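J.: As a plain string of letters, each chain reads:
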Amino acid sequence: MAKKMIRDVIRDTIDEEMARDDSVIMLGEDIVGGMGSAGGPEAIGGIWGTSGGLWAKYGSDRVIDTPISESAIIGAAAGASLTGKRAIAEIMFADFIGVCMDQIWNQVAKFRYMFGGKSKCPIVIRMPYGAGYNAAPQHSQSIHAMVTAMPGLKVVMPTTAADTKGLLTQAIRDDDPVIFLEHKALYGLKGEVPDGEYLIPFGHARQVTQGDDVTILATGMMVGFAEKAAAQLAQDGIGCDLLDLRTTSPLDEEAIMDSVERTGRLLIVDEAPPRCSFATDLSALVANKAFASLKAPIEMVTGPHSPVPFARELESAYVPSPDKIVAAAVKAMSYRRG
Amino acid sequence: MQHSREALIQAYRQMKTIRAFEERLHDDIALGEIAGFTHLYAGQEACAVGVCEHLGPADYIISTHRGHGHCIAKGCDVVGMMKEIYGSSDGLCKGKGGSMHIADINKGMLGANGIVGAGAPIAVGAGITAKSTGNVSIAFSGDGACNQGTTFEAMNMAVVLKLPVIFVFENNHYSEHTGESYAVGAESMTVRSAAFGMKAIKANGIDFFSVYDAMRELIDYCKAGNGPASIELDTERFYGHFEGDPQRYRGKGELDRLREERDCLKVFRTKVTEAKLLEGKDIDAIDTEVEALIERAVAESKAAPRPTAAHVLEDVYISY
Ligand SMILES: Cc1ncc(C[n+]2csc(CCOP(=O)(O)OP(=O)(O)O)c2C)c(N)n1
Ligand SMILES: [Mg+2]
Numbered sequence: 001m002a003k004k005m006i007r008d009v010i011r012d013t014i015d016e017e018m019a020r021d022d023s024v025i026m027l028g029e030d031i032v033g034g035m036g037s038a039g040g041p042e043a044i045g046g047i048w049g050t051s052g053g054l055w056a057k058y059g060s061d062r063v064i065d066t067p068i069s070e071s072a073i074i075g076a077a078a079g080a081s082l083t084g085k086r087a088i089a090e091i092m093f094a095d096f097i098g099v100c101m102d103q104i105w106n107q108v109a110k111f112r113y114m115f116g117g118k119s120k121c122p123i124v125i126r127m128p129y130g131a132g133y134n135a136a137p138q139h140s141q142s143i144h145a146m147v148t149a150m151p152g153l154k155v156v157m158p159t160t161a162a163d164t165k166g167l168l169t170q171a172i173r174d175d176d177p178v179i180f181l182e183h184k185a186l187y188g189l190k191g192e193v194p195d196g197e198y199l200i201p202f203g204h205a206r207q208v209t210q211g212d213d214v215t216i217l218a219t220g221m222m223v224g225f226a227e228k229a230a231a232q233l234a235q236d237g238i239g240c241d242l243l244d245l246r247t248t249s250p251l252d253e254e255a256i257m258d259s260v261e262r263t264g265r266l267l268i269v270d271e272a273p274p275r276c277s278f279a280t281d282l283s284a285l286v287a288n289k290a291f292a293s294l295k296a297p298i299e300m301v302t303g304p305h306s307p308v309p310f311a312r313e314l315e316s317a318y319v320p321s322p323d324k325i326v327a328a329a330v331k332a333m334s335y336r337r338g
Numbered sequence: 001m002q003h004s005r006e007a008l009i010q011a012y013r014q015m016k017t018i019r020a021f022e023e024r025l026h027d028d029i030a031l032g033e034i035a036g037f038t039h040l041y042a043g044q045e046a047c048a049v050g051v052c053e054h055l056g057p058a059d060y061i062i063s064t065h066r067g068h069g070h071c072i073a074k075g076c077d078v079v080g081m082m083k084e085i086y087g088s089s090d091g092l093c094k095g096k097g098g099s100m101h102i103a104d105i106n107k108g109m110l111g112a113n114g115i116v117g118a119g120a121p122i123a124v125g126a127g128i129t130a131k132s133t134g135n136v137s138i139a140f141s142g143d144g145a146c147n148q149g150t151t152f153e154a155m156n157m158a159v160v161l162k163l164p165v166i167f168v169f170e171n172n173h174y175s176e177h178t179g180e181s182y183a184v185g186a187e188s189m190t191v192r193s194a195a196f197g198m199k200a201i202k203a204n205g206i207d208f209f210s211v212y213d214a215m216r217e218l219i220d221y222c223k224a225g226n227g228p229a230s231i232e233l234d235t236e237r238f239y240g241h242f243e244g245d246p247q248r249y250r251g252k253g254e255l256d257r258l259r260e261e262r263d264c265l266k267v268f269r270t271k272v273t274e275a276k277l278l279e280g281k282d283i284d285a286i287d288t289e290v291e292a293l294i295e296r297a298v299a300e301s302k303a304a305p306r307p308t309a310a311h312v313l314e315d316v317y318i319s320y
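The listed protein sequences derive, respectively, from chains X and U.
Counting in this note's numbering, the final residue of the first sequence is number 338, and the numbers go up one at a time with none missing.
Counting in this note's numbering, the final residue of the second sequence is number 320, and the numbers go up one at a time with none missing.
Honestly, the hints are just simulated from the structure, not real lab data.
Remember, predicted model here, so these are calculated numbers, not experimental data.
Worth double-checking, as some hints may not be accurate.
Said to hold, decoys possible - Covered by chain X, per the in silico footprint, the following chain U stretches (three or more residues, Cβ under 8 Å):
| # | region |
| --- | --- |
| 1 | 95-108 |
| 2 | 137-149 |
| 3 | 179-190 |
| 4 | 197-211 |
| 5 | 248-255 |
| 6 | 266-275 |
Backbone N, C-alpha and C define an ideal beta-carbon position, used for all residues, glycine too.
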């Protein structure tokens, strides 16, 4: 076990997989950095520091620094993955998905099905996402609902250093396309990471706290916020069953239902806006499959129906806070029928 | 150089305003006064001003993530811009957009833009409007943005529709940490633009007069109904890609050399004083005036009202 930051875990995991399997390649803007400059290659190693040293080790045929061309990055990664490689593509900010949407949605996601199951496209698309940097409307969004809605994609949202290793290894070895969403605000988070080979199968939630009163479902940065809220609620005698869903597709329905059947109350925390969202999706699922267990209306704490604003005060008002989570849990607890 | 004294003073004032604005931001960001990602335009002033000194409010420009210079050159209120970057609700965009999204549609400034390559197609649309009014539409792009498919599509469409659009490629030789020679496959942006079927020229992006004269030619060409044009400006960026960039891609002594030899403000001063068009004291007076303006902009920004949670849901057509 070593203690590492999530950004280093990403680098090291890719390193281990590239060493293990020659077919693993990487593509992205500035993932080497410094190409064609006086300072020379490796001037940055990815603007998030997630690929330092890999070019020196594996060379330009496997660590491919690209022009600013997101459509061609995803298309090229897709083409390579259809023809025997395992490509890891980096989209510098998840917001830039708009530029390469066709390649993801109509190409990568559909190959296997559309070609009658005769193809595989083992591509991993890494996308840093989320608010917290005051990076304004085009660099702060949480896009997981959009990709979760697309049949043919697996969607992963790790929140701890250990999970990052286990889920990224799984993603790279997976024969299907995986969208790997990295919350920007978590890159610097440190945690113990298992040594050696470590895989976490998709579709298994992580139990963060245990309690019998309210089930809280969260992803990404919201997991830590919910954990804070749960600690505060525990002091008031409210026990929270907090699940970090880890993958939004496949989804660990079993863990969700088991928990809701036990607590009878559900609170969903989602950084994204509220309509047609991951929160509404989970809510519909539970309302449909565990209606009889519910003792109170399902509560949702989400961002508002607006872009993510720039100013410090505005961004912090936008992002769900531990206080709002506490208030929603208390509301669920104090609900009385009729 | 057939420029009136007033025109020269105005051009220099604009360039100096951009420089002082950016230098002040550089300092204030280091002090932690400003949130978010900020990309400074210092070094490239001759480009924005050399282009925009030809334009009026009915001509359009669209900018990039490095937009402060274009905004100032197109006439955006400097105090309102500073307030925006400081995140005040009194800012030009009410603190919603910040540095990367400053816009003033009434001034023909269609926005800085956080998505590299997003501007050129929008400039084509503004070109449809501009064609109907006898104006022009300008798409500012960098040497990195020139590789985006959206830029290619926009160039071709502008040619096909014969629109008065000018694609201005500011070649500062880097896209983030990557050198232009690595990422641009063609020999130059000019060669590439010409291949799309448009008039394409180069100018010296650290010399206001070179940019200004070249733009005169292109604007006349576009207004005469010949379709779009492109210009590649050889220029330099004096700060990092964003504030906080360690700039390890630079060569040893590169920045010192650029500031010494390729500073468009120094070039301007030398040219106009040697040609006896302005005196050193004229320029010094502008420097003093501009410094006072920036000082006032910062003071007002620090005292300006802050947004509250209620502002988050302003300017949305509906909330849930
Ligand atoms: C679609 C998209 N891809 C990538 C980025 C990240 N990014 C921001 S600026 C930039 C480099 C742009 O280089 P260039 O066009 O030369 O402009 P300069 O920064 O030199 O002004 C990159 C890659 C982005 N904002 N949008
Ligand atoms: Mg550039």
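J.: Are there hints from earlier that the structure breaks, and if so, what are their numbers?
T.: Going through the list in order, the structure violates hints 4 and 6 and respects the others.
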